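A.B. asks: Sequence:
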Amino acid sequence: MDLKEIITGRRSVRAYEDRPLAEETIRELINLGINAPSGSNMQPWSFVVIEDKKFMLEWSDKTKEVLLGQVETNKYLQQYKAVFENKSFNIFYGAPCLLLIYGNTSSPNHVFDCSMVAQTIMLAAFEKGLGSCWIGFAMTLGNSPQIKEKLGVPEQYRLVAPLVLGYPRGTWPPIPRKEPVIFTWMR
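With this note's numbering, letter number 73 in the sequence shown gets 73, and the count goes up by one each step, no holes.
Honestly, the hints are just simulated from the structure, not real lab data.
Everything numeric in this text was worked out from a predicted model, so none of it was measured.
Do not rely on the hints blindly, as some may be mistaken.
What the hints assert, rightly or not - Pairs of lysine-lysine residues, derived as BS3-like cross-links and limited to a Cα-Cα distance of at most 27 Å, are as follows:
id, residue 1, residue 2
1, LYS148, LYS87
2, LYS128, LYS4
3, LYS4, LYS87
4, LYS128, LYS53
5, LYS75, LYS87
6, LYS53, LYS178
7, LYS54, LYS81
8, LYS128, LYS62
Stated by the list, open to error - What follows is a set of in silico ranges between Cβ atoms, one per label pair, in the way DEER data are often shown:
id, residue 1, residue 2, range
9, LYS54, GLY9, 28 to 36 Å
10, SER88, MET42, 16 to 24 Å
11, SER46, ALA82, 31 to 39 Å
12, TYR76, THR105, 20 to 28 Å
13, LYS54, GLU85, 29 to 37 Å
14, MET139, LYS81, 13 to 21 Å
Where a beta carbon is used, it is the ideal one built from N, C-alpha and C, also for glycine.
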């Protein structure tokens with residue numbers, strides 16, 4: 001698979017086989033990810049790996065509860081009301097691995113740097129036949145003092161990229177892309 005195939009083939013996967021990833025695979029993805037660029041070479045990223053399905057399900061249920069309480073006042077969340085009410089919906093899609101990328105806020109570029117690490121990991125996962133998905137809903141609790149304490153994350157770190165990883169169940173077709181908007185092309 002060449003780079004173009006990897007970039008155009010990667011999809012957000014929302015259904016996973018019930019089989020764990022090898023620890024070596026997860027470590028390899030992290031080690032590939034940290035080759036992403038970072039502003040002033042600060043490399044502000046740190047990781048948490050969660051394979052505890054019970055913990056992920058508790059996190060999912062609590063997140064749905066919190067977000068359901070915000071639906072009436074948050075217009076964006078209204079489209080997800082039925083999803084949050086669905087008892088069987090798991091925000092982590094039953095994936096065997098939740099990889100959290102936390103950024104050290106002492107770096108002014110921690111959000112950008114950790115986002116590049118996440119993209120690199122997602123592309124590397126696809127190249128290995130794995131699926132991934134950035135779970136935005138996980139941000140709801142990912143920076144809470146309770147979660148950070150449970151996960152051993154220092155106070156100055158902020159969750160930037162919550163990713164699920166696993167073996168995809170099914171295939172994921174390409175998503176049509178809009179034409180890029182180029183405001184100016186100066187020559």
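A.B. asks: Among all the numbered hints in the text so far, which are the ones the structure does not match?
C.D. replies: Hints 3, 6, 8, 10 and 13 not satisfied by this model.
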